[in-house]
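**Q** Protein chains in written order, with the numbering used here: chain A, 1 to 79; chain B, 80 to 397.
None of these hints come from the bench; they were simulated from the model. Note that this is a predicted model, so its numbers are computed, not measured. Be careful, since some hints might not be right.
In silico lysine-lysine, DSS-like type, Cα no more than 27 angstroms apart, as pairs [as the list claims (entries may be wrong)]: (1) A:Lys14 - A:Lys65; (2) B:Lys304 - A:Lys65; (3) B:Lys336 - B:Lys304; (4) A:Lys68 - A:Lys31; (5) B:Lys304 - B:Lys278; (6) B:Lys336 - A:Lys14; (7) B:Lys341 - B:Lys126; (8) A:Lys71 - A:Lys14; (9) B:Lys126 - A:Lys68; (10) A:Lys31 - A:Lys71; (11) A:Lys65 - B:Lys278; (12) B:Lys271 - B:Lys218; (13) B:Lys147 - B:Lys126; (14) B:Lys336 - A:Lys65; (15) B:Lys126 - B:Lys110.
Here are a few chain A residues that face chain B, going by a calculated C-beta distance under 8 angstroms [said to hold, decoys possible]: (16) Val49; (17) Glu54; (18) Glu58.
In this text, a Cβ means the ideal position worked out from N, Cα and C, and glycines have one as well.
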Amino acid sequence: MAVTEQEILAGLGKIVNEITGIPASEVTPEKSFVDDLDIDSLSMVEIAVAAQDEFGAEIPDDQLKHLKTVKDVVNFIQN
Amino acid sequence: MKLPAGAPGAKVLAFGHYQPANVVTNDDLAKIIETNDEWIQSRVGIKERRFAGPEESEVDLAVQAGGKALAASGLDAADIDLVIVATCTPEAPIPNLAGRVSHRLGIASPGAYDLNAACAGFCYALASASDSIRAGSAKNVLVIGTEKLTQWIDINDRATSVIFADGAGAAVVVPSDTPAIGPVVWGSAGDKADAIMIKDRSSSLHQEGQTVFRWATTALHPVAKEACDRAGVAPADLAAFVPHQANLRIIEAIARKLGADKAVVARDIVLAGNTSAASIPLALSRMIEQGEVPSGGLALLLGFGAGLTYASQVIEIP
Chain A
1 MAVTEQEILA GLGKIVNEIT GIPASEVTPE KSFVDDLDID SLSMVEIAVA
51 AQDEFGAEIP DDQLKHLKTV KDVVNFIQN
Chain B
80 MKLPAGAPGA KVLAFGHYQP ANVVTNDDLA KIIETNDEWI QSRVGIKERR
130 FAGPEESEVD LAVQAGGKAL AASGLDAADI DLVIVATCTP EAPIPNLAGR
180 VSHRLGIASP GAYDLNAACA GFCYALASAS DSIRAGSAKN VLVIGTEKLT
230 QWIDINDRAT SVIFADGAGA AVVVPSDTPA IGPVVWGSAG DKADAIMIKD
280 RSSSLHQEGQ TVFRWATTAL HPVAKEACDR AGVAPADLAA FVPHQANLRI
330 IEAIARKLGA DKAVVARDIV LAGNTSAASI PLALSRMIEQ GEVPSGGLAL
380 LLGFGAGLTY ASQVIEIP
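My request is simple: use the sequences and hints to build the entire structure.
**A** So this is what it looks like as structure tokens:
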């Protein structure tokens with residue numbers, strides 16, 4: 001069964017919280033990781049690795065740099 | 080044909096370390112390049128590092144650290160019959176460093192070779208020293224990690240120039256009736272060789288930071304755990320965890336996944352930067368000197384770096 005957008009968003013919020021301490025409620029689709037959430041490139045790698053463990057979708061480094069917003073990551077995982 | 084009996088085990092008798100006098104703070108670097116203290120500390124955890132000047136070579140650094148380890152061991156130079164120098168930043172590849180270092184330390188005619196496994200070099204060299212003693216190829220071995228990374232760094236490349244630094248650390252390894260250097264777990268990932276490289280003789284060191292960070296935070300804690308398993312040691316029983324001092328965030332991520340709850344974790348990078356093959360003996364030597372770790376306790380070493388190479392083993396702290 002495919003994972004829904006809402007489920008990915010909730011999972012991503014939990015991951016971001018565990019790695020950066022940012023409340024999961026702030027991880028909303030329109031937020032930019034760098035500009036709005038102040039997450040740096042190394043934390044993004046940690047988030048990508050944790051998302052891979054959680055959802056089974058690998059996000060390579062050359063793709064990761066193009067994923068600017070929470071919605072970008074959700075879409076990438078879903079597709 | 081006959082073979083020597085060798086020794087039942089090997090142990091580190093003493094460590095020694097040396098850093099150049101010139102302290103370079105993050106604020107010092109911010110005067111030269113576009114960076115700042117907050118950025119450096121949050122990304123890599125470094126507050127200051129040491130740079131060797133033109134008057135001080137990687138051989139000089141090695142002689143200082145090796146001499147201190149030798150003095151602390153109580154052995155004479157004449158007792159050493161093998162010298163292994165782990166380095167990846169010699170100014171020139173010929174002649175090797177080990178012969179010159181041995182000569183300067185008054186070690187007359189030892190086996191002498193350099194070993195390049197980059198930031199994993201010290202763990203590779205320690206394993207080679209232990210195996211040589213156990214096989215009867217050597218009696219007492221001087222192992223040195225020495226790096227003058229600054230001679231291969233472009234100061235304007237802030238992805239490397241704020242991280243890498245100069246220094247040396249050394250260990251005197253001798254026979255032991257009981258095992259005090261555990262089996263090494265070593266390996267490599269040549270498919271990622273491009274991630275850390277000096278392309279040619281006119282190039283500076285280049286690092287793909289994110290690729291290395293991802294690899295280091297995902298592939299290495301199983302290696303460290305396997306080194307514990309093969310030595311028959313539970314991570315919870317370790318007194319110290321001394322990973323290569325690459326980046327404080329890598330160190331803390333691996334330590335968290337390892338579950339070495341009682342271990343003092345080396346955070347020498349804060350004051351030393353990344354000194355590649357020198358970082359592990361430099362960190363552990365300083366922890367011993369400052370009384371942070373107990374003599375006779377177990378330390379887990381984990382080296383990793385360009386190649387990509389990695390190696391890990393448990394040792395008894397002298």
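**Q** Starting from the hint list further up, note which numbers the structure goes against and sort them upward.
**A** Those not satisfied are hints 2, 5, 9, 12, 17, 18.
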